[in-house]
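K.L.:
Put chain B on the given structure of chain A with help from the hints.
For the record, the sequence lines run as chains A and B. Reading the first sequence from the start, the letters are residues 1 to 159 in the working numbering. Reading the second sequence from the start, the letters are residues 1 to 484 in the working numbering.
Take every hint as true, because none was put in to throw you off.
Listed next, the in silico DSSO-like pairs over lysine-lysine satisfying Cα-Cα at most 30 angstroms (straight line):
id: 1; chain 1: A; residue 1: 154; chain 2: B; residue 2: 470
id: 2; chain 1: B; residue 1: 72; chain 2: A; residue 2: 154
id: 3; chain 1: A; residue 1: 66; chain 2: B; residue 2: 72
id: 4; chain 1: A; residue 1: 129; chain 2: B; residue 2: 72
For the record, the hints were derived by calculation from the structure and aren't laboratory data.
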Amino acid sequence: MTDYRTLDPRSMRSMRIGYLLATAVFAVAAVVLFFLRDLHEALIYACIGAVALAVLMAVLTIVFPKIYYDHYRYFISEDRVDVRRGIIFLTHTVVPLERIHQVEVVSGPINRMYGLADVSITTAGGVAKIEYLETEEAERIADELNAIVDAIVKGQRNE
Amino acid sequence: MNESYRNHPSVLVKNVGVMIVVGVIVAMSMGSYLWALIFIVLAAVSFIAWLRTTMTVFEDHLVVESRIISVKTRTIQYDKVASVNEVKGVFGRMFGWTSLRININSSQNYARPEVTFVLPDDKASEIAAIIKSGRVAVEDTSDKVMDEEYVPDIQPAFSFGFLDAILFGVFGTDTVKLFAAVFWAAITVVSFIFSAEFSIFSILMFVSSGLFPIIGSIVRHGNFRVYRIGKKIRLVHGMLTVYDTTFELSRVNAVCVKRSLFARMIGRCCIQAEVVGINAEQNSTTPTITMLIPESQLPRAMDALFPEFASDCEMSRQPSGYLNLIMFRTLYLTLAVAAAAFLAAYLWIKGEPDSGSALAIPVCASAAAAIAVLSFVYWYLSYRIFELGEDGRFIVSTTGVIDRSTYIVHYPKVQITSTRASPRARRNGIARCTLSLLSSGGRTKIYCGFFESDRLDGMADRTVSESGKKLTVINAGTSACTAD
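The shape of chain A in the complex, shown without the other chains (with noise of 0.2 angstroms):
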C-alpha cells in the first residue's frame, strides 16, 4: 500500500496570495479602463470584461486554494515519484527515478514568505514537479532523489 503524502497546509496561503495578486491585476485593469472609456466604445466592453475576470479570481481565490490542497497527493519510493493534483482535471503523473537527469528546489518570493519550495525533476522527456514543500522537506527530497540516482549510475557503472 503507497503512503500518498499530502502538502503542507501553509500552501493554501500562498496559492490565495497568488490568485489575489491577479485578481488585484484584473481589477487594476478594470479601474484604468473605465477612467479610459471614453475614448473608445469597445474599452467599455473591456472593462465590463476585467470586472468579470477580476470578480471570477476573486471567487477562485476562495474556491481553488483549498480543492488542490485536498487533491494533491505524492509519494515517493525506490523507483518512481508519483504525484496527484488538479482542481476540475486530475491529472496523475509517474516518473521513474532512472529517467531523473536533473533535480531543482525552486523557491519563487511569494513561497518564501511561508517557507515554502517546489521540487522540479527533469528528464529527457520533460519536467515533473512536487510543489508547495516545506523547504527543509523540498531540499531533503532533493538530496534523496539525488542519492537515489547517483546509486542507480553507480549501479550501471559496475555491470
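P.N.:
Structure of chain B alone, referenced to chain A:
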C-alpha cells in the same frame, strides 16, 4: 573539491555595460532621463543576478544556485551530463576566459546548454576535466557512417524516385496544411475571375503555406534511399543538398506509421521514427524513414527496417464510457458556442443595424450549430478510430481522425506517463494518457485517447518496471524493396 565560483567579471561587464550604453543612447534620443533610469534598474538587476549566481563543484555532481527573485538550486550529476564544451570567443582568447557549456539529455533545453558558466581558462579546463572523468563511458553513437561497415554495393532497403517525392510532397503532408494551400489557391482564382486581378495577399498565402513547403519537401526528399546496415539505419536523400544521416537503432524511441487523409485514399502510408540526437536543423520534424509506400508493403518494410519493433499486441478501442463523455462535451460546447453566437449577433446588430437585423441571427446561429455538429462528429469518429494495445514490451497507440498515426513505443523509452481525467471521465472510470519521450525535436508527447484508468495505471507501473531495460537490437542485413 567543493569550490564555489561566480561567472567571470566579463559577463558582468557585458550585461551591465550593454544596459548602460543602450540606456544612455535611448535617453539621449528620446530626450528623457526616465528611459536611462529604466536601463539603470535593469543594469542593477543584472549585477544582482551576477552576484547571486554561483556554481559549486563537488566530486560527483555540481550545484548551480541563483538567488534573484526566485531561489533556484539545481543539482546535476556528472553521470547525467551528455557533453561538456569549452568555448573561447575572440575576447575570451584575448583576455583569458572560457565559456563552459554543460548539456544533459533534457527535452527542456535540447537546443541550448543546460548550464553556461564563464570562467578563467585554467578553472574551466579543470572543471571540464572533473566532469568528464566523473561520467560513465558512453557508447559512441555519433551519426556518421562507419566506413568499415559500409559496403559500396549494398542495396537500399527502399529507394524512391522523383515521382515518389512529388507524391510524398503533396499527399504526405498534413491534411490541414494541404487544405489551407488549396483554399488560398481557390481564393486566388476566384478573385481573378471576379475582379480580373490577382489578390497579392492570397498569392502570398498560397505560396508560403502550400507551394514552398511542397517544393521544399520534394527537393529535400528527392532520390530518397534508406538502408538497414547491421544495427544502424542510414538515410540518403536530397536533390540539391544531399543529406546523409546514420543512426543506431538503440536511439529510436518510437516508430510511427503515418497515414494522412489523402494517403489513405490512395492506399499508402509512410514510416517515421522518433530518434534521439538527429540534427534538429536538418530534420525539423520527426525524421522520415520511408516515403509513401503501398499498405501491402508495410509489413515487409517494418520487417526490413524495424524488426525489433514487431508487435502482435491486441488493439482495443476506447470504452463505451467515452460515448457518455462525448455527449456531455457536446452539450457543454453547444451551450458555450450558443452564448458566443448570441453575443456576436448582439454586437453585430448593435454595430450595423441595417445588415445585422437580417443576417446576424441566421449567420451566428448557423456557425454555432456547425461548430457543435462538427465537434460531435469529430469526437464520435475518434471513439471509432483511436486504439491502444500493449504487449509487455511495446505500447501501440493509434490516434488521429483526419491524419492517422500509429505509434509503436518501446516501454523503457517512456520518460514520463501522465493521465488526466475530468470529473465526468472519472465517473466513467476513464482517463486520457500522455507519454513523454525524448526525440529529435526535444520532447514528443504521444496522446493515447480515453481508456480505463486502471489499465493506464498498469501501463505507468510497467514503464517504471521496464525503465532500466534496453531494446534488443537485431544485427539485420538489408533486403531490397521497391515502392510500386
